[in-house]
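Undergrad: Sequence:
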Amino acid sequence: MDKFTFQKADKLFFHDPFMRMTFLRLIPRNVYPNHITVFRFLATPLVAVLMYYQHYVIGLMAFLIVAFSDVIDGSLARTRDQITDWGKVYDPIADKILIGSMVFIIVLKYVDMWTSLVIIILEIMIVALAMIRKREGLVVEANRWGKMKMLFQVLGVTILVLSIGFDLEKLLPFASRALYIAIAFAIISLLTYGI
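Note that the sequence shown covers residues 366 to 560 in the working numbering.
Think of the hints as simulated: they come from the structure by calculation, not from any bench. Each statement offered as a hint is correct.
Computed list of lysine to any residue pairs in SDA-like fashion (alpha-carbon distance at most 20 Å, straight line):
{"hint": "1", "residue 1": "K461", "residue 2": "I486"}
{"hint": "2", "residue 1": "K376", "residue 2": "I437"}
{"hint": "3", "residue 1": "K373", "residue 2": "I437"}
{"hint": "4", "residue 1": "K512", "residue 2": "L429"}
Quick list of the computed label-pair ranges, beta carbon to beta carbon:
{"hint": "5", "residue 1": "I497", "residue 2": "M386", "range": "35 to 43 Å"}
{"hint": "6", "residue 1": "M478", "residue 2": "F539", "range": "16 to 24 Å"}
{"hint": "7", "residue 1": "I423", "residue 2": "D450", "range": "29 to 37 Å"}
{"hint": "8", "residue 1": "D450", "residue 2": "N395", "range": "14 to 22 Å"}
{"hint": "9", "residue 1": "I497", "residue 2": "P382", "range": "33 to 41 Å"}
{"hint": "10", "residue 1": "D450", "residue 2": "L389", "range": "20 to 28 Å"}
{"hint": "11", "residue 1": "T557", "residue 2": "L482", "range": "16 to 24 Å"}
{"hint": "12", "residue 1": "L482", "residue 2": "L537", "range": "13 to 21 Å"}
{"hint": "13", "residue 1": "T557", "residue 2": "K474", "range": "30 to 38 Å"}
C-beta: ideal position from N, C-alpha, C; glycine also.
Hey, can you work out the whole structure from these sequences and the hints?
TA: In structure tokens:
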């Protein structure tokens with residue numbers, strides 16, 4: 366990793382100080398945020414296979430580890446001033462691949478086609494907008510609405526997997542509601558992207 370490509374964080378998010386005092390202390394200095402993004406790209410297919418073959422308990426644990434590594438990645442980049450243009454683009458793409466695979470494997474099957482379709486279309490639109498901005502010479506990172514979207518997507522998938530993996534059908538409406546809230550945040554994120 367070339368030190369000279371790092372950028373300083375303009376701001377910290379509310380959870381960054383907590384992450385710095387706890388989990389980030391466990392991350393060696395020679396592990397950079399982009400390494401964690403690459404880990405997410407490599408680990409997502411494993412999560413997808415576990416979910417596809419209905420190994421929901423271990424699949425959920427793997428999903429939560431990969432999703433939480435996104436929090437580690439971002440906090441690490443901001444608190445250690447290791448933000449890169451590559452990370453700004455590919456970190457959100459890693460999230461979209463993780464969530465997109467969960468949408469195709471379980472949301473489509475257990476929630477409904479329309480919710481799944483809206484989630485995928487919004488994610489594609491956000492990626493397309495990021496690529497257009499990149500071509501214009503701008504690098505736009507995820508905003509707080511995008512972070513809230515990801516939080517509710519992870520929550521929705523987690524509740525959904527708990528519902529189907531442990532036969533807790535009463536949880537299914539809560540999973541759907543979390544995903545609907547994620548859709549609302551995705552729309553706000555798309556409308557405010559790069560502002």
